[in-house]
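Peer 1: Next come the chains, spelled out residue by residue.
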Amino acid sequence: MQTTARVVVPIIVLVSVSLLLQGHNHPGGGFIAGVLTAVAFALLYAAYGLDYLDIGVLNRDVESGSGIFEQRTVRAYRRTFLLGLVLAVGSGLAAVALGAPFLAQTYRIVESVPIYHEIELASALAFDLGVYFVVVGALLTVISVVGGE
Amino acid sequence: MDRGPELEADSERRPNREVGAGVSLVLAAAVGGLFALATFLLLRRDLMRVVWGIAVVTQGANVYLLAMGGVVEGDHESVPVLVTHGGEVPVTADPVVQALVLTAIVISFGTTALALALTYRAYEENETMDIQQWE
Amino acid sequence: MNQIVIAPLLVAVVAVVATLALGRRPALQRATSVAGAIVYAASVALLAWRVVLAPDAGPATYQSGGWPAPFGITLVADALSAFMLVLAATVGLWSVAVAVRVLDRENQRVFYHPLFHCMLLGVTGAFLTGDLFNLFVWFEVMLMASYVFVAFYGGAKHTAGAFRYLVPNVVGSAVMLLGIGGLYATVGTLNMADMARRLADPAAYGIDVAPVVGLSAFVLATFALKAGLVPFQFWVPSAYRAAPLPAAAMLAGVTKKVGIYAVIRLYFTVFAAAGLDGATLPGTGVGITGDSPLAFLGPVLLAMAVASIAVGGVGAVGRETVDELLAYSSIGQVGFIALPVALAASAPSGAVRRAAVAAALVYALHHALAKGLLFLSTATVRGATGTTRLSELGGLGQRSPVLSAAFLVGSLSLVGIPPLAGFFGKFLVFEVAARHFATVPTAAAAVPLAAALVGAVLTIVYITRTWIGGFWGTQTPQVGQATVDPVQVGLLAALAAVILAAGVAFDPVYRFATAAAEAALDRGAYVDLVDPAPGTTLLAAGTGAGGALGSSGGAARPDRAGERGAGTENGNRPADGGEGT
Chain A
1 MQTTARVVVP IIVLVSVSLL LQGHNHPGGG FIAGVLTAVA FALLYAAYGL
51 DYLDIGVLNR DVESGSGIFE QRTVRAYRRT FLLGLVLAVG SGLAAVALGA
101 PFLAQTYRIV ESVPIYHEIE LASALAFDLG VYFVVVGALL TVISVVGGE
Chain B
1 MDRGPELEAD SERRPNREVG AGVSLVLAAA VGGLFALATF LLLRRDLMRV
51 VWGIAVVTQG ANVYLLAMGG VVEGDHESVP VLVTHGGEVP VTADPVVQAL
101 VLTAIVISFG TTALALALTY RAYEENETMD IQQWE
Chain C
1 MNQIVIAPLL VAVVAVVATL ALGRRPALQR ATSVAGAIVY AASVALLAWR
51 VVLAPDAGPA TYQSGGWPAP FGITLVADAL SAFMLVLAAT VGLWSVAVAV
101 RVLDRENQRV FYHPLFHCML LGVTGAFLTG DLFNLFVWFE VMLMASYVFV
151 AFYGGAKHTA GAFRYLVPNV VGSAVMLLGI GGLYATVGTL NMADMARRLA
201 DPAAYGIDVA PVVGLSAFVL ATFALKAGLV PFQFWVPSAY RAAPLPAAAM
251 LAGVTKKVGI YAVIRLYFTV FAAAGLDGAT LPGTGVGITG DSPLAFLGPV
301 LLAMAVASIA VGGVGAVGRE TVDELLAYSS IGQVGFIALP VALAASAPSG
351 AVRRAAVAAA LVYALHHALA KGLLFLSTAT VRGATGTTRL SELGGLGQRS
401 PVLSAAFLVG SLSLVGIPPL AGFFGKFLVF EVAARHFATV PTAAAAVPLA
451 AALVGAVLTI VYITRTWIGG FWGTQTPQVG QATVDPVQVG LLAALAAVIL
501 AAGVAFDPVY RFATAAAEAA LDRGAYVDLV DPAPGTTLLA AGTGAGGALG
551 SSGGAARPDR AGERGAGTEN GNRPADGGEG T
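Chains as they are written, first to last, in the working numbering: chain A, 1 to 149; chain B, 1 to 135; chain C, 1 to 581.
None of these hints come from the bench; they were simulated from the model.
Since the structure is predicted, the reported quantities are computational estimates derived from the model, not experimental observations.
Only true hints are included.
Below are the SDA-like pairs computed for lysine to any residue, each with C-alpha atoms no more than 25 Å apart in a straight line:
id, chain 1, residue 1, chain 2, residue 2
1, C, Lys157, B, Leu41
2, C, Lys157, B, Leu43
3, C, Lys157, B, Ala55
Produce the complete structure using the sequences and hints provided.
Peer 2: Now the structure itself:
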């Protein structure tokens, strides 16, 4: 289980990021990328236990005493959720501020970037990123809270 | 002769429909099966089964939505994205229903999660999963 | 672009995010929430001004993301939407203001305010959207918030209530999806205006209209479930009792009306376009007489309305607690709203139909205000005395005359005493029922009138019972020790004044309602408003050349389909293609 997780988790995260980046005009997008990332975390939790993130990765002690809702990691997840929400709504509002309709999107092709030569930079990415954070934050909060009980 | 143009249109459309006839049959059977299963599960006394029923009924509706789109020979009108991405137009499913189903999946996902959370709370409060032993 | 159309939605979204972000600073969160509701009300007022009241007023549309109809999601603000939004904003403002004062601080801190604005967001979206599937999405947003409200307090009863609310509504949502999917496959569009256009001329689009009746029945069942009409009323009492009372005021006052609104909008503005002469129900040979799905809506909704009035009234009479009584009462009152809608569906002429829809809207407004006031008063009573049982209450009239007066105004409006708003609501409903009886004086035509009479008598009975039990008589220990919060009482008195004002200055209200009814019935204006371009040319092509152009709506508009290049997946639906016709 742990061996599998070691191999699979990086791949899942990579795939999820690629899904996020190409989501605006290929299959993919914020939601599915978020779900995949959350799945990667869930796999870690299942393989190494709930405290692995605190002890093994971030090298700090698990707080004890306060409720699961107030733990550092869960708080971070909730902040992620909020950040995503702000990002998604903000990207929509930005369009309004610029005089375009709510959620209107555009894209610009950035040329002469090393390696890629040209990158299609879509404003939809901001919205997708917001959705991604919302999904990751919400799912991980649920997973760790329910898992903790 | 009033129906002339219409009949012509019908015969033009029919080959398109034929592409998906087999698929439609399978989808119809799947929708029927899912709804039957969901009804059975929703009427159980065990709360966990009810939640399963919720999950299944929403999935049944999603499969139904897909079936409503049908599978047709695609063209540039039905799949405008393909105008800019490669010339070939394959046999496609209706993109609109795909978008609908995506949305519906997200919603059913949230609802099922909420139902699970409620189930967990109900279990903690009543220490039983049997609905009839409540209150 | 009319940014004002989307303003209420944006205000609600920002309020959700802001209240969520301020979860750690409770005082600021409460202030933001109330401010959000005030700004929301202001934006709705501005919208209503622009759509109905201003000298150059006219309905407005908004294409979200800039995609043209029928491909993008259209928001439509006409008089009907504006009327419903005003209703929602008024109840919402008072609901959140009272909630801030009456609910436990700790309970408010966690999720109350984000949820409240989330619910408001769902309601707003449902009132504004011009897209069938988008309507479903907003329904779900609204429902998701209300699920959590019902399960808000821990405890076996609340969880049970939440389940009783959740499971039927999930099934209802699935059924609504069945209806929407079927309508898409039959008609080939989800845009309501486009749907009305295609249904009006099925031959040009190659549509078989007969299935529309059955499919409309699917969505009708879901809307009736959301509105809590018999036979879908079973979730109402347990859900309203479980939810915090200010939230129950929203549930009874506003979210129920969304179901009614959806019935009016879809049936009168969209489905009524379908001509059904000579169609028969498959397998039965029963002919659908009449010329549109309205002929189906009339009798079915009438039966639901009559049964709701009876069940709600009889149920309310025997209740022991005020909140339960109000929950049953709202089943009956929604019956009163549905009754004129049903009669409008079978009305012979346009004028009668408009009067009937206007009566339903006036009654909906009156019920939202009165029932909102009653639920909020009950919240204050429970906050002060700790109980809502009639046997433990008594003498409130002595203890707090102003609170009692506010409750009395709500009650009398519900009964229908002039000059309160409720009088006109009841009066118009009776007028519609009487006119229906006058046109066809048969025993069957007397049923609505009789039902309304019985319902009115039952209302008087249970209101009297509440009044005698709770407010007259000697003070019980609970009432004697109660301390009533003057701010809450002030808020309630203000809402009572609004009800009184709506009754005294009824003329503008009625004109607003008539304009809303007009907007609901004027299909041509609605269609032109949303998507003025293709209709006529397409029609000519369809009947003239026939063949490919006429058989497929999408094929006739390659110019529009081609506009959609990259970036179709950003929360907007991709192009509505020519498939499905």
